[in-house]
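For the sequence shown, full-length UniProt numbering assigns the number 1 to the initial residue and increments by one for each residue that follows.
You may find that some hints are simply not true.
Stated by the list, open to error - Calculated cross-link-like contacts (lysine-lysine; reagent style BS3-like; alpha-carbon spacing at most 27 angstroms):
1. Lys155 to Lys79
2. Lys36 to Lys73
3. Lys84 to Lys64
4. Lys84 to Lys73
5. Lys36 to Lys79
6. Lys95 to Lys64
7. Lys57 to Lys73
8. Lys64 to Lys79
9. Lys36 to Lys95
10. Lys36 to Lys155
Keep in mind that the hints were calculated from the coordinates and are not lab data.
The model shown is predicted, which means the values in this text are computed figures rather than measured ones.
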Amino acid sequence: MEERREFFRIDDMAFVCGRRWNEQQLSIPEYFPEFKFLQLHGELRLLEQDALTTYQKIDDEHVKHLLDIQNRKIDVLSKYLLIKDLAQTGIEPQKIVISEGGIGFRGDMQFAAQETIAVAIIFTPSYLSLFAEATVVACNPSLDGGFYVHAEFFKIPESDRQRLARHLLAEQARQRNSR
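Using the sequences and the accompanying hints, generate a full structural model.
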């Protein structure tokens with residue numbers, strides 16, 4: 001039987017956590033208190049998007065250059081705090097299979113097929129972070145004692161989906177160039 005996929009998928013490295021969906025929790029970041037800095041990281045991204053229109057109206061190249069430097073400084077601090085948070089969780093990066101449509105990852109929890117889960121993904125080495133709501137397609141025991149989870153995204157903010165698409169294209173190009 002020929003398997004058809006709607007989205008292109010790649011192998012990648014990321015920190016990943018999946019948690020059972022709870023109707024009482026209002027936002028996906030609430031599922032992951034160990035990633036407390038990710039919420040701030042997301043707010044910084046939104047502020048950067050809000051400032052983009054104003055930035056594009058600036059005519060002075062020196063001012064633009066200075067703002068670019070300030071943004072890079074904020075990005076460096078943001079990455080540092082994110083790395084510090086990740087180190088404290090004890091979670092290790094793992095090889096994943098990912099597309100715009102879903103993810104395959106190793107986890108410690110067993111999920112039922114069709115179960116709704118919250119997923120946190122932090123790619124390495126870029127530290128691009130995403131939260132998504134997903135449906136478990138399959139969950140199978142892994143040789144290392146955990147479980148291999150195949151999940152399909154069904155609720156991911158459009159801005160995150162676009163960032164994921166850009167990441168996938170960049171990673172695909174990087175992998176092709178390294179062959």
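### Query
Going straight from one Cα to the other, do Lys36 and Lys155 come out at no more than 27 angstroms?
It holds: about 21 angstroms lies between the C-alpha atoms, which stays within 27 angstroms.
### Task
For the pair we were handed, Lys36 and Lys73, check the Cα-Cα distance against 27 angstroms.
Roughly 20 angstroms between the alpha carbons, so the hint for Lys36 and Lys73 holds.
### Task
Would you mind confirming whether the straight-line C-alpha gap from Lys57 to Lys73 stays at or under 27 angstroms?
22 angstroms, holds
### Query
If you draw a straight line from the CA of Lys36 to the CA of Lys79, is it 27 angstroms or shorter?
Roughly 13 angstroms between the alpha carbons, so the hint for Lys36 and Lys79 holds.
### Query
Given the hinted pair Lys95 and Lys64, is their alpha-carbon gap at most 27 angstroms?
It is violated: about 38 angstroms lies between the C-alpha atoms, which goes past 27 angstroms.
### Message
Hint check: Lys64 vs Lys79, CA-CA at most 27 angstroms. Holds or violated?
### Response
22 angstroms, holds
### Message
Please verify whether Lys84 and Lys64 have alpha carbons no more than 27 angstroms apart.
### Response
30 angstroms, violated
### 27 angstroms limit on alpha-carbon distance, applied to hinted pair Lys84 and Lys73
Holds - the C-alpha atoms of Lys73 and Lys84 are around 17 angstroms apart, at most 27 angstroms.
### Query
Between Lys36 and Lys95, does the CA-CA distance stay at or below 27 angstroms?
23 angstroms, holds
### Query
Under the criterion that the straight-line Cα-Cα distance not exceed 27 angstroms, is the pair Lys155, Lys79 satisfied?
Status holds; Cα separation ~25 angstroms.
Checked against the numbered hints given earlier, the structure breaks hints 3 and 6 and satisfies all the rest.
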